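Below are the chains, spelled out letter by letter.
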Amino acid sequence: MHKLLRQIVKTGIRTEAAPQPDDSLRQIAGRLNDEVLRLLGRALAIRHVDAGSCNGCELEIHALANPYYNIEGLGIRFVASPRHADLLLVTGPVSRNMEEALRRTYEAMPEPKLVLAIGDCGCTGGIFGESYASCGRVANVIPVDVAVPGCPPTPAAIMQGVLTAVQAPGQGFR
Amino acid sequence: MTPAIPGLRLEPLAGAIPAWRVAVDAQGWLRACEAVAARGGRLAALWGSDTADGGAGTYVRALLVSHEGLICLELRVSEPDAGFPDLSDIFACAGRMQRGVYDLCGVRALARSGETADPRPWLRHGAWPRDVFPLRTEVPAASRWPAQPDEYRFVAVEGDGVHEIPVGPVHAGTIEPGHFRFSVVGERVLRLEERLGYKHKGIEKRFQQMPLAEAIRLAGRVSGDSTVAYAWAYAMALESICGSQPSARALYLRALLLERERIANHLGDLGYLGNDGGLAFGLAQFSRLKEDFVRANARLFGHRYLMDRIVPGGVAVDMPPAAIATLLDEADRLELEVRSLRAIYDDHAGLQDRFVTCGRLAPDTAARLGVVGLAARASGIAIDARAHPGHAPYTELQPRVVTERAGDVAARVTARFEELFESLRLERRILRHLPAGELCAPLAAASEGGFGLGWIEGWRGEVFVALEAGAGGEVRRCHPHDPSWQNWPALEHAILGNIVPDFPLINKSFNLSYAGQDL
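Those protein sequences? They're chains A and B, same order as listed.
The first sequence runs contiguously to residue 280 in the numbering used here.
The second sequence runs contiguously to residue 569 in the numbering used here.
Keep in mind that the hints were calculated from the coordinates and are not lab data.
Note that the structure is predicted; figures quoted are calculated from it, not measured.
Some hints here could point you the wrong way.
Said to hold, decoys possible - Here are some, though not all, of the chain B residues that point toward chain A, as calculated from beta-carbon distances under 10 Å:
{"no.": "1", "residue": "Thr187"}
{"no.": "2", "residue": "Ala191"}
{"no.": "3", "residue": "Glu226"}
{"no.": "4", "residue": "Arg241"}
{"no.": "5", "residue": "Glu244"}
{"no.": "6", "residue": "Gly247"}
{"no.": "7", "residue": "Gly318"}
{"no.": "8", "residue": "Arg338"}
{"no.": "9", "residue": "Asp358"}
{"no.": "10", "residue": "Ile394"}
{"no.": "11", "residue": "Ala432"}
{"no.": "12", "residue": "Leu569"}
Note that the Cβ used here is the ideal one computed from N, Cα and C, for glycine as well.
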């Protein structure tokens, strides 16, 4: 036990400052009123759905939980049920085999529901594009509020996308 | 040395690894597989190709690994109804691959009785009709059909008190989608049946629209966590078609990138295995080390996960002397940190209680299922493509193949620790003996119909790429093969007799790719 405690003390706190929101990532302007966003920004529940990614974006979503980004420290947590979620985080082009599962997840969420599409595939269909097996970008299947490009986007960029989604346009993170 | 298979004349393939191809009829197909299996060989991959544009009909190919190297069997199926001989009696792992061949190409594997052992679809859910086969040349890539009824019959377990737990395709955490059907009595798992294919997004059809040199980017996105392994395997296949060999410096740098991919993934897994075993401390510590490590990748190589750093003909990175010193220093510090964390894991009674005897895959079961990669080595099977003769630059680097006997979660944890240390040793050796040479050599034009193979030991297991060139420098057919095809069925066995709450831990200890097998 002393080794474990010593390691914790030695490691210290590594958490870095969170990025500022970026209005250029917005796909739909100001859907929610300021008060709702203010509340969400303090305790946001995210449901993630991988709709057909290469699993690269998932590596960076996992990284959000590491001590450097410490996303839970901002009051943001990942939940297991869409019923508990305020924001749906979607990765990948949407495979046709996942189209219905993604729609059902979206429909199961309570209003107001925010959608964040991440990665080049989520934003445009990426290298996979549209085909007999792929619906392409997430917005082809469900409405998207904020889209973050990158292959994969860095954890800081994903965090910036999340913070953009819960801020009123033109305001910094409070 | 050419493998001897009675009655067949094997034609050697040019390229970095010892490989042969041979056209066979249905009899030869079975005989070759039986001969290779009898001498301890295995089935690496099985796929179909429709080459109607060449007037040749549909081919089914089986890639075998023998002691001498790779053997690619090519069976022409003139009539779709004729099918091809079922290999699942010889190689248990063939079953799902054969179902995939039917879904995409429309030719069935037929047992000696003339029946299909398992006629259920594997990759086809509701996206296309049952009488359409998307990889056939007459089906345009952009085709779209209305959603089809998606009926799938799971094997039912009957008995007093048995009930089913369906899980997925959307899972509770940040995990790829797939469906697990547990049959349980109380907490104990009587049977697990997987249903995958949810991520099928038409990668193989997509390849066919791409120029050979550009398609390496798609290969690097078959399974993002293994991007280096796939890009190298693709480059190896293309270079073998073009008859070129990268410089020694480029090969050393590729090995450096591959070992760094292994280290990063093992760091991540060791953290999550601690976490799933109830020690959140482990996740915090290992995810910190992994973040430091991928940040170094971004600084030195320009990408956190090293995507697109391997290019046809060589590499798109260099290693100046200052960077060598940085990486040697990083390796020393990382080794110290991981050794002290390992001591904490080893001494933690609660964690070891979760790990030891949990999710055991017995060596004989692993061998029968044809399991590969880290999971095979943790069940006592000493296979590693890096240790195979002819695998430059590993023949010079002399990697140690890590094996464990127990086959449980603890063994897969130990194998990750040991492989991580071995990768650090290899990394130091590469950095200290980096040969001079050009980073990337231009490739000669690929001749139409040229065929090449790539074989790389990624962190999860062996990755294969089989590539065929078309007329205008484009891909005629590319089949990328993930080790997860072989290892997913092993998870169904490892969970037996365990309790449902141990499933996440057992699953994580294999950490298989959905994207890589769904294609």
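### Task
Output the numbers, in ascending order, of every earlier hint that fails for this structure.
1, 4, 5, 11
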